[in-house]
Each structure stands twice: as structure tokens, then as C-alpha cells.
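Asks: Kindly produce the complete structure, drawing on both the sequences and the hints.
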Amino acid sequence: MKNLSTMSSTQLDNIKFILTDIDDTLTTEGRLKSDAYEAMERLSNKGYKVIPVTGRCAGWCDHIARMWPVDGVVGENGAFFFSYDHVNKKMNNLYSQTEEERRENFKLLHEIKDTILRSVSGAAVASDQDYRITDLAIDFAEDVPKLPQHKIDEIVQIAEQNGAVAKISSIHVNCWIGNHNKLSTSLKILKESFGLNDTEIQNNAVFIGDSPNDSTMFGFFKNSVGVANVIDLINCIENPPKYIATEFSGDGFIELADLIINKK
Numbered sequence: 001m002k003n004l005s006t007m008s009s010t011q012l013d014n015i016k017f018i019l020t021d022i023d024d025t026l027t028t029e030g031r032l033k034s035d036a037y038e039a040m041e042r043l044s045n046k047g048y049k050v051i052p053v054t055g056r057c058a059g060w061c062d063h064i065a066r067m068w069p070v071d072g073v074v075g076e077n078g079a080f081f082f083s084y085d086h087v088n089k090k091m092n093n094l095y096s097q098t099e100e101e102r103r104e105n106f107k108l109l110h111e112i113k114d115t116i117l118r119s120v121s122g123a124a125v126a127s128d129q130d131y132r133i134t135d136l137a138i139d140f141a142e143d144v145p146k147l148p149q150h151k152i153d154e155i156v157q158i159a160e161q162n163g164a165v166a167k168i169s170s171i172h173v174n175c176w177i178g179n180h181n182k183l184s185t186s187l188k189i190l191k192e193s194f195g196l197n198d199t200e201i202q203n204n205a206v207f208i209g210d211s212p213n214d215s216t217m218f219g220f221f222k223n224s225v226g227v228a229n230v231i232d233l234i235n236c237i238e239n240p241p242k243y244i245a246t247e248f249s250g251d252g253f254i255e256l257a258d259l260i261i262n263k264k
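According to this note's numbering, the sequence shown is numbered sequentially starting from 1.
Hints were generated in silico from the structure; no laboratory data involved. Worth double-checking, as some hints may not be accurate.
27 Å max Cα-Cα, derived DSS-like pairs, lysine-lysine [to be verified]:
(1) LYS222 x LYS151
(2) LYS107 x LYS151
(3) LYS46 x LYS191
(4) LYS89 x LYS191
(5) LYS191 x LYS49
(6) LYS188 x LYS49
Distance ranges between label pairs, derived from CB positions [to be verified]:
(7) ASP13 x PHE106: 40 to 46 Å
(8) MET67 x SER193: 18 to 24 Å
(9) ASN14 x LYS89: 49 to 55 Å
(10) HIS150 x LYS107: 26 to 32 Å
(11) SER193 x ASN14: 15 to 21 Å
(12) THR199 x GLU101: 28 to 34 Å
(13) THR199 x ASP258: 22 to 28 Å
(14) LYS90 x GLU247: 24 to 30 Å
(15) ASN239 x VAL144: 26 to 32 Å
(16) ASN14 x TYR131: 22 to 28 Å
(17) LYS33 x SER8: 28 to 34 Å
(18) ASN239 x LEU108: 24 to 30 Å
(19) SER193 x HIS110: 30 to 36 Å
(20) THR115 x LYS191: 26 to 32 Å
Just so it is clear, CB atoms sit at the ideal spot from N, CA and C, and this is done for glycine as well.
Replies: In C-alpha cells form, the structure reads like this:
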């Protein structure tokens with residue numbers, strides 16, 4: 001991984017889209033601080049497209065799409081893309097699965113949830129689970145004492161043995177049924193909603209994240225960045241980011257935003 005400061009002026013000039021994880025990338029110790037929010041707003045005011053790509057729930061994402069200075073949000077690890085049309089006052093929702101598929105898959109996830117809670121002491125259903133429409137989030141660090149890695153791995157194993165995809169974030173194990181992920185939906189919306197071709201996606205987009213569930217994004221984008229705390233989980237990340245920020249969490253996002261806006 002190269003230091004973020006080595007990103008060339010040409011690369012920075014070409015960037016038009018900033019895709020960002022939320023937890024421990026935009027947020028710091030569970031809080032969205034004003035300077036990180038302001039960095040998003042500065043990018044938006046300069047004409048950049050800001051798109052959070054998160055494992056967070058549909059309820060949060062509806063709020064984010066409406067209220068934040070963003071151009072849409074990919075949520076529940078690629079299950080959907082929400083964008084709000086402020087002119088026509090309409091929420092546009094693009095889903096990776098049909099309503100029937102989501103309903104059937106949720107039944108299986110409910111069974112997986114019960115198995116995990118019986119088997120892994122200390123694990124809990126995430127507090128935002130009631131606002132999810134496609135996935136199961138198991139909390140191992142947000143509202144519970146952080147579980148050791150072997151218990152996190154056990155959660156993943158149970159989910160996968162029962163037919164689910166399971167990805168580790170900095171706070172949750174997200175489980176879902178289906179072949180969508182952060183990358184597949186990000187590419188779909190960059191092409192279909194924003195009209196980019198493959199070359200433009202690589203040249204005009206940057207992704208910043210921090211955890212194993214960002215691995216596909218890190219691996220695909222040539223302009224992929226980890227905030228400094230990515231080091232804490234680097235042994236669990238199959239595809240590390242190409243660049244790493246000096247600063248941690250939200251300050252790392254601000255570091256990237258400043259670099260893009262100021263072009264060095």
C-alpha cells in the first residue's frame with residue numbers, strides 16, 4: 001500500500017465520484033463528526049458525486065439519501081441503491097432482488113439468526129435490525145463488548161454453512177442470501193444511473209473504506225484507499241487498498257477530500 005499523498009495530480013484531477021464506506025471510515029468511534037460531514041458537503045458543493053457504500057440498514061439509508069450531501073447510497077452491502085430527487089421530491093429505489101425473493105430469503109436468515117445466537121455467546125442482533133429489508137446483522141463490537149476473532153469467525157462459518165453470504169465489517173457480521181455485494185451494485189449504478197463506461201469508472205472514481213467487507217471494492221478500483229485503521233484488520237482483507245491515509249477513520253476521509261479538492 002502506498003501513502004495517499006503519493007496519488008498523482010493526474011489521478012486527482014480525474015476523480016469525479018467519491019464512494020465511501022460509513023462506519024469507521026466516515027465515522028470516528030461511532031460518531032459522524034461535523035468536520036467529516038463538512039468534507040462531504042465541500043465535495044458536493046464543488047460538483048463531486050459522493051456516494052456512501054455501506055452495510056447499514058434501509059432505514060438509515062432512506063435518511064442518508066434524503067438528508068446528507070450525497071448523490072445516493074448503496075446499502076445493506078449492495079442490496080439496493082437509494083437516491084432522492086430533490087426537484088421532484090421523490091425517492092428512487094433500485095433493488096438487487098424482487099420483493100418476493102427478499103421475503104423468502106428473510107425467512108432463512110431468521111433461522112440462521114437463531115442458530116448463531118444459540119451457538120455464539122456474546123453475539124447479538126444489531127440494534128438496527130428492525131430497519132433492514134434484505135440482511136441479518138450480527139453485532140460483535142458496536143453495542144456489545146467486542147468479541148474475540150474466533151467467535152467472529154464462528155458467526156461467519158454458521159452463516160455460510162446455512163447458505164448465506166457473510167462479510168465482516170468493523171462492528172457487524174452482515175449475512176444475506178444472494179450474489180450481490182458492495183461492488184456489484186456500485187458498478188451497476190455507476191453505469192446505469194450515472195452513465196460511466198468501464199474506463200471512466202476506473203479513472204473517475206475513488207473508493208475509501210476500512211474493513212474486510214470492503215475487500216472487493218479495494219481489489220477492483222485502482223483508486224482505492226484505506227483509512228489508517230485498515231491496518232487493524234489487514235490480515236483479514238483479501239484485497240488490500242492501493243493507498244492508505246495517514247489519518248484514522250473520519251480524519252482519513254477528510255484527508256482524502258482535502259487532497260481531491262486542493263489537487264495537492
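Asks: Compare the structure with each hint and give your call.
Replies: Results for each hint:
For the hint pairing LYS222 with LYS151, the CA-to-CA distance comes to about 33 Å; that exceeds 27 Å, so the pair is violated. Only pairs whose Cα atoms come within 27 Å are accepted, and LYS107 paired with LYS151 is accepted, the gap being roughly 24 Å. As the CA atoms of LYS46 and LYS191 are separated by approximately 22 Å, the hinted pair is consistent with the 27 Å bound. The hinted pair formed by LYS89 and LYS191 meets the criterion: a straight-line CA distance of about 24 Å does not exceed 27 Å.
A C-alpha spacing of about 14 Å is found between LYS191 and LYS49, which places the hinted pair at or below 27 Å, so the restraint holds. As the CA atoms of LYS188 and LYS49 are separated by approximately 15 Å, the hinted pair is consistent with the 27 Å bound. The beta-carbon spacing between ASP13 and PHE106, approximately 45 Å, falls within the hinted interval of 40 to 46 Å. The given range of 18 to 24 Å is respected by MET67 and SER193, whose C-beta atoms sit roughly 20 Å from each other.
For the pair ASN14 and LYS89, the beta carbons lie near 33 Å from each other, so the given range of 49 to 55 Å is not met. At roughly 29 Å, the beta-carbon separation of HIS150 and LYS107 lies within the given 26 to 32 Å, and the hint holds. Between SER193 and ASN14 the CB atoms are about 20 Å apart, so this pair conforms to the stated range of 15 to 21 Å. Taken as a hint, the range 28 to 34 Å holds for the pair THR199 and GLU101, whose Cβ atoms sit roughly 33 Å apart.
One distance hint, 22 to 28 Å for the beta-carbon pair THR199 and ASP258, holds here, with the actual separation near 27 Å. Against the hinted window of 24 to 30 Å, the Cβ-Cβ separation of LYS90 and GLU247 comes to about 37 Å, which falls outside the hint. The hinted range of 26 to 32 Å is satisfied by ASN239 and VAL144, whose Cβ atoms lie roughly 28 Å apart. A C-beta distance of roughly 37 Å is found between ASN14 and TYR131, which places it outside the suggested range of 22 to 28 Å.
One distance hint, 28 to 34 Å for the beta-carbon pair LYS33 and SER8, holds here, with the actual separation near 29 Å. At about 28 Å, the CB distance of ASN239 to LEU108 agrees with the hint of 24 to 30 Å. For the pair SER193 and HIS110, the supplied restraint of 30 to 36 Å holds, since their beta-carbon distance comes to about 32 Å. For THR115 paired with LYS191, a C-beta distance near 38 Å fails the hint of 26 to 32 Å.
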